[in-house]
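Going line by line, the protein sequences match chains E and B.
For reference, each letter of the first sequence is one residue, going 1 to 113 in the working numbering.
For reference, each letter of the second sequence is one residue, going 1 to 250 in the working numbering.
Just so you know, the hints here were simulated from the structure itself, not pulled from any lab data.
This structure is a prediction, so every number in the text was calculated from the model and none was measured.
A couple of the hints might just be wrong.
Pairs of lysine to aspartate or glutamate, DMTMM-like flavour, derived with a Cα cap of 20 angstroms [unchecked claim]:
| id | chain 1 | residue 1 | chain 2 | residue 2 |
| --- | --- | --- | --- | --- |
| 1 | B | Lys175 | B | Glu117 |
| 2 | B | Lys232 | B | Asp186 |
| 3 | E | Lys30 | B | Asp186 |
| 4 | B | Lys175 | B | Glu120 |
| 5 | B | Lys245 | B | Glu136 |
| 6 | E | Lys30 | B | Asp187 |
Residues per chain are reported as follows:
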Amino acid sequence: MNAELLMAICGGLVFVFTTYWVSRRQLRVKYALIWMFLACVILILGAFPKILMGLAAWARLSFPAAVLFIALGLIYLFCFSVSISLSRLHQRNLRLTQELALLEERLAEVEGR
Amino acid sequence: MKTANDGAGRILVIVPAYNEEGALAGSVASLLEYAPPADVLVVNDGSSDGTGRVARQLAVEHGRVRVVTLPVNSGIGAAVQTGLMYAGRHGYDLAVQFDADGQHDADYLAALCKPVEAGEVDLCIGSRFLDLSRAEFRSTPLRRLGIRFFSLLITLLCGVRVTDPTSGFRAYGRKAIELFSRTYPDDYPEPESVFWSARNGLRVAEVPVRMFERAGGVSSIRYLNTAYYMIKVTVAIVVDRLRSKEGLGE
Chain E
1 MNAELLMAIC
11 GGLVFVFTTY
21 WVSRRQLRVK
31 YALIWMFLAC
41 VILILGAFPK
51 ILMGLAAWAR
61 LSFPAAVLFI
71 ALGLIYLFCF
81 SVSISLSRLH
91 QRNLRLTQEL
101 ALLEERLAEV
111 EGR
Chain B
1 MKTANDGAGR
11 ILVIVPAYNE
21 EGALAGSVAS
31 LLEYAPPADV
41 LVVNDGSSDG
51 TGRVARQLAV
61 EHGRVRVVTL
71 PVNSGIGAAV
81 QTGLMYAGRH
91 GYDLAVQFDA
101 DGQHDADYLA
111 ALCKPVEAGE
121 VDLCIGSRFL
131 DLSRAEFRST
141 PLRRLGIRFF
151 SLLITLLCGV
161 RVTDPTSGFR
171 AYGRKAIELF
181 SRTYPDDYPE
191 PESVFWSARN
201 GLRVAEVPVR
211 MFERAGGVSS
221 IRYLNTAYYM
231 IKVTVAIVVD
241 RLRSKEGLGE
């Protein structure tokens, strides 16, 4: 087993896993696209390790350091986008709660309670 | 007060509207001119402009117009699904989706409803590409290419031929109302729901219609969004193909 093969297997697994959760309607296609993009990146880097090596040489980093840098960068981006989605969701949820409370008050008034 | 069955035997026209204050009144007026009386439900999708005000005014002026406002913007699919849920709960046998931006022509409402009313079809799509004898607006060349692509993809993956899978001018029968009330994509829903219907035993058909260029508002599909739209809908359709069938069965 070498690193390239490992990456190819991982990329394939990410693809299958993502598709499975979308087909179960537990994962929105919008977010699945991000993960499928990641799977493609892993697959491409696995198939063409020269890209990663070239990148490492260009940035004057050792191979493991370059891999770590890219991995950390991706993890940062993904986590950050989740935080943003969560904040938006919070905002919507808050507005819905408020609307519901106001509606209930209005209903009570209409019913003369 | 409305009862649970006040819509039986009647048509509900669902008008999803997001920031369409300029075109909404005209679209609804054209619907009200339509001879066999249809009820109109404007679904205001959390608009930030005066759409809500215009819609409420229309409801005050015309007894056949109702308004539902989503407190937060939820996407065209969610708006349409809200309308379908309303149709289901009020016992309507037929619901039509009609855009607020003036693209759709109320003159074709009867033709669109006919196959569904006859009980032959569950989802009837108004297609711009069936009757090519008249020279008229049929979207931009690039968009037509996109529509062609989805048309081909759907035929390839389920064998059903649909010429205008992105059309938002559609009539839903009882079965479609019930099934889509449960699951419906919330953004860019048209091609995906056509595919889902065709695969899950709903009878899908098309009738030729004329469409206009939009009278107001901006298309929800433009520039950078186009790439996302194409990829998202393609992935959604391909994944749906991998799903086991989910229809009600006979």
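Tested hints:
Distance check on the hinted pair: Lys175(B) and Glu117(B) sit about 12 angstroms apart at the alpha-carbon level, within 20 angstroms; holds. Note on Lys232(B) and Asp186(B): the hinted pairing holds, with a Cα-Cα distance of about 12 angstroms set against a maximum of 20 angstroms. Between Lys30(E) and Asp186(B) the CA atoms are separated by roughly 11 angstroms; this keeps the pair inside 20 angstroms, and the hint holds. Proximity of Lys175(B) to Glu120(B) is assessed by CA-CA distance (about 12 angstroms); at most 20 angstroms being required, the pair is judged to hold.
With a C-alpha separation of about 38 angstroms, the suggested pairing of Lys245(B) with Glu136(B) is violated against the 20 angstroms cut-off. Pair hint Lys30(E) plus Asp187(B) holds up; C-alpha atoms about 9 angstroms apart against a cutoff of 20 angstroms.
Against the hints set out earlier in the document, a violation occurs for number 5 only.
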